[in-house]
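There are 2 protein chains.
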Amino acid sequence: MRAESVQILPKGTKALRVYLSVRDQITVGDLRDGETLPSEQKLAEAFGVSRVTVRRGLDALAQGGFIERRAGSGTKVRARPAVAQRAAMNFNTLMPQLVEMGQKTTARLLSFTYGGAPDFVSLAMGFKRDIEVQIATRVRLAGNVPFSHLTTYVPAQIAQNYSENDLATTPLFQLLERSGVQIKEAHQSVSATLAGPEVAKALDVEVGSALLSLRRVVRDVHGDGVEYLAGLYRPDMFRLEMPLMRVGQGSARHWEPAIGKDEGGI
Amino acid sequence: MRAESVQILPKGTKALRVYLSVRDQITVGDLRDGETLPSEQKLAEAFGVSRVTVRRGLDALAQGGFIERRAGSGTKVRARPAVAQRAAMNFNTLMPQLVEMGQKTTARLLSFTYGGAPDFVSLAMGFKRDIEVQIATRVRLAGNVPFSHLTTYVPAQIAQNYSENDLATTPLFQLLERSGVQIKEAHQSVSATLAGPEVAKALDVEVGSALLSLRRVVRDVHGDGVEYLAGLYRPDMFRLEMPLMRVGQGSARHWEPAIGKDEGGI
Numbered sequence: 001m002r003a004e005s006v007q008i009l010p011k012g013t014k015a016l017r018v019y020l021s022v023r024d025q026i027t028v029g030d031l032r033d034g035e036t037l038p039s040e041q042k043l044a045e046a047f048g049v050s051r052v053t054v055r056r057g058l059d060a061l062a063q064g065g066f067i068e069r070r071a072g073s074g075t076k077v078r079a080r081p082a083v084a085q086r087a088a089m090n091f092n093t094l095m096p097q098l099v100e101m102g103q104k105t106t107a108r109l110l111s112f113t114y115g116g117a118p119d120f121v122s123l124a125m126g127f128k129r130d131i132e133v134q135i136a137t138r139v140r141l142a143g144n145v146p147f148s149h150l151t152t153y154v155p156a157q158i159a160q161n162y163s164e165n166d167l168a169t170t171p172l173f174q175l176l177e178r179s180g181v182q183i184k185e186a187h188q189s190v191s192a193t194l195a196g197p198e199v200a201k202a203l204d205v206e207v208g209s210a211l212l213s214l215r216r217v218v219r220d221v222h223g224d225g226v227e228y229l230a231g232l233y234r235p236d237m238f239r240l241e242m243p244l245m246r247v248g249q250g251s252a253r254h255w256e257p258a259i260g261k262d263e264g265g266i
Numbered sequence: 001m002r003a004e005s006v007q008i009l010p011k012g013t014k015a016l017r018v019y020l021s022v023r024d025q026i027t028v029g030d031l032r033d034g035e036t037l038p039s040e041q042k043l044a045e046a047f048g049v050s051r052v053t054v055r056r057g058l059d060a061l062a063q064g065g066f067i068e069r070r071a072g073s074g075t076k077v078r079a080r081p082a083v084a085q086r087a088a089m090n091f092n093t094l095m096p097q098l099v100e101m102g103q104k105t106t107a108r109l110l111s112f113t114y115g116g117a118p119d120f121v122s123l124a125m126g127f128k129r130d131i132e133v134q135i136a137t138r139v140r141l142a143g144n145v146p147f148s149h150l151t152t153y154v155p156a157q158i159a160q161n162y163s164e165n166d167l168a169t170t171p172l173f174q175l176l177e178r179s180g181v182q183i184k185e186a187h188q189s190v191s192a193t194l195a196g197p198e199v200a201k202a203l204d205v206e207v208g209s210a211l212l213s214l215r216r217v218v219r220d221v222h223g224d225g226v227e228y229l230a231g232l233y234r235p236d237m238f239r240l241e242m243p244l245m246r247v248g249q250g251s252a253r254h255w256e257p258a259i260g261k262d263e264g265g266i
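In order, the protein sequences belong to chains S and A. Residues in the first sequence are numbered from 1 upward in steps of one, following the UniProt record's numbering. Residues in the second sequence are numbered from 1 upward in steps of one, following the UniProt record's numbering.
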């Protein structure tokens, strides 16, 4: 279990802000291992809070192992071990892939039900009202650390072709294509959101942490929606990597995604 | 000015969590206009807080215009007007483009200085120690609403070829290419983060709001880093849109980005 999963958050809205803001700068890499934090006085000025409040935030950061206070040499950032296992999305499979070699991601099925499609799914997929969908929620882990919370919505008529066990072991695209679905295109929309209570628990982060949010609509050759994915990713564990090439001449010069087919698109 | 810019946040960490979590679900569209919120009792159970705390969170949401309470018919979600002006990134220019027609984005230069490159920039760009860079911070607006906070780092030797005024009016890629730089490739890394005090003020959001974070390293034909971008985007105003096509046969079947050159890649 990681240190922050048993972490007590600082009391008070202002101290929580200090804590979350600094912690986030550490986990995204703006503050690097060994770097010295600004003084309590400077932090107090930057956040517009008292030094007592800053100290409460720093106490929680120290307790969580994000910073180290040394008499005489100030407060140093300590890099997080979890960052070493960062995953990225492979654009050829749209599956996460660990950036570091030698380790695989695994999935854990949290829930699996059939029911009516929520309004935002029906709208995006172009479903008729009251269509039944299979709703599956999985958490994906790198080593033992959860990094993504994925909820998929698939029309029940398609989903009946594979089992709960298939879903835990095989990428959904393969299950769909094996079921005779002719996938044509997908549209991904990437944004950011805050972790709510349920997702925070599943991803082992605090409520109110920043998460990368990905929505994907997959359509078949007839233009029908066959999968809707709502994915939430821990920014300290997962990034979307996008290599791009500058191509064309003169006024036609523009950017194109550079997806190396051999190297897996990372 | 939007309602939430003069909004008073709920007092107390727990009420702030309720407020931010529900607000975020509204701004990313999980909760849609007219939808009914769960009862106070159900929200209290979901968040593991008291009904009094839920009510404090809902009071702030109602005051900010995110929800409307009607006697007898429960609490309804009210869609945000700002969402109608959402921008997305055009993959041909890597510039934001309004999804709705007829309106342009504008930029405001917040700061413009020369100085040493921060460590995380030097590391990503492969700079030698102590290289001088131009550091410019801009906020980009759709209509009057800020949606992105962009800080660019360009080696001083290149940046001397264009002025502060050029930067406010012309895309940086054009300025670089006009300066004789032969841009070859870029790498974008997309993540999420929380708004710190300065960025929150510039983007007119609360501290601790979720932001989409984009880091871009641009290299020339010699492999030298010519631009580093650290971009932060409001999720209620901006999304990264990624259309994809399923191509190839059999085991070679995979995804490829579908970038329509004529339609601007949105």
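These are computed hints drawn from the structure, not numbers from a lab. There could be a bad hint or two in this list.
Each pair may be met inside one copy or between any two copies, as identical chains are not told apart.
Think about it this way: if two alpha-carbon atoms lie no more than 25 angstroms apart in a straight line, the pair counts; the simulated SDA-like pairs of lysine to any residue are [unchecked claim]:
1) K42 with Q249
2) K42 with A107
3) K76 with K128
4) K128 with S189
5) K201 with Q182
6) K76 with D166
7) K42 with H222
8) K14 with D220
9) K184 with E132
10) K14 with E68
A quick look at each hint next to the structure:
Taking CA atoms no more than 25 angstroms apart as the test, K42 paired with Q249 passes in neither setting, with 49 angstroms inside one copy and 59 angstroms between copies. Within a single copy, K42 and A107 get their C-alpha atoms no closer than 43 angstroms, and across copies no closer than 30 angstroms, so neither meets the 25 angstroms cut-off. Only between protomers do K76 and K128 lie at most 25 angstroms apart by alpha-carbon distance; the minimum there is 24 angstroms, versus 56 angstroms within a single protomer. For the identical chains of this complex, K128 and S189 are intra-copy neighbours only, at 22 angstroms inside a copy versus 37 angstroms across copies, given an alpha-carbon limit of 25 angstroms.
For the homomeric pair K201 and Q182, neither the shortest alpha-carbon distance inside one copy (36 angstroms) nor that between copies (48 angstroms) is at most 25 angstroms. Proximity of K76 to D166 under the C-alpha cut-off of 25 angstroms is found in neither arrangement, the shortest distances being 47 angstroms within a copy and 39 angstroms between copies. Proximity of K42 to H222 under the C-alpha cut-off of 25 angstroms is found in neither arrangement, the shortest distances being 59 angstroms within a copy and 41 angstroms between copies. Taking the closest pair of Cα atoms, K14 and D220 never come within 25 angstroms of each other, the shortest separation being 49 angstroms inside a single copy and 44 angstroms across copies.
For the homomeric pair K184 and E132, the shortest alpha-carbon distance inside one copy (22 angstroms) is at most 25 angstroms, but the shortest distance between copies (48 angstroms) is not. In this homomeric assembly, K14 and E68 come within 25 angstroms of each other (Cα to Cα) only inside a single copy, at 21 angstroms, whereas the closest approach across copies is 28 angstroms.
Hint check: violations occur at hints 1, 2, 5, 6, 7 and 8; the rest are consistent with the structure.
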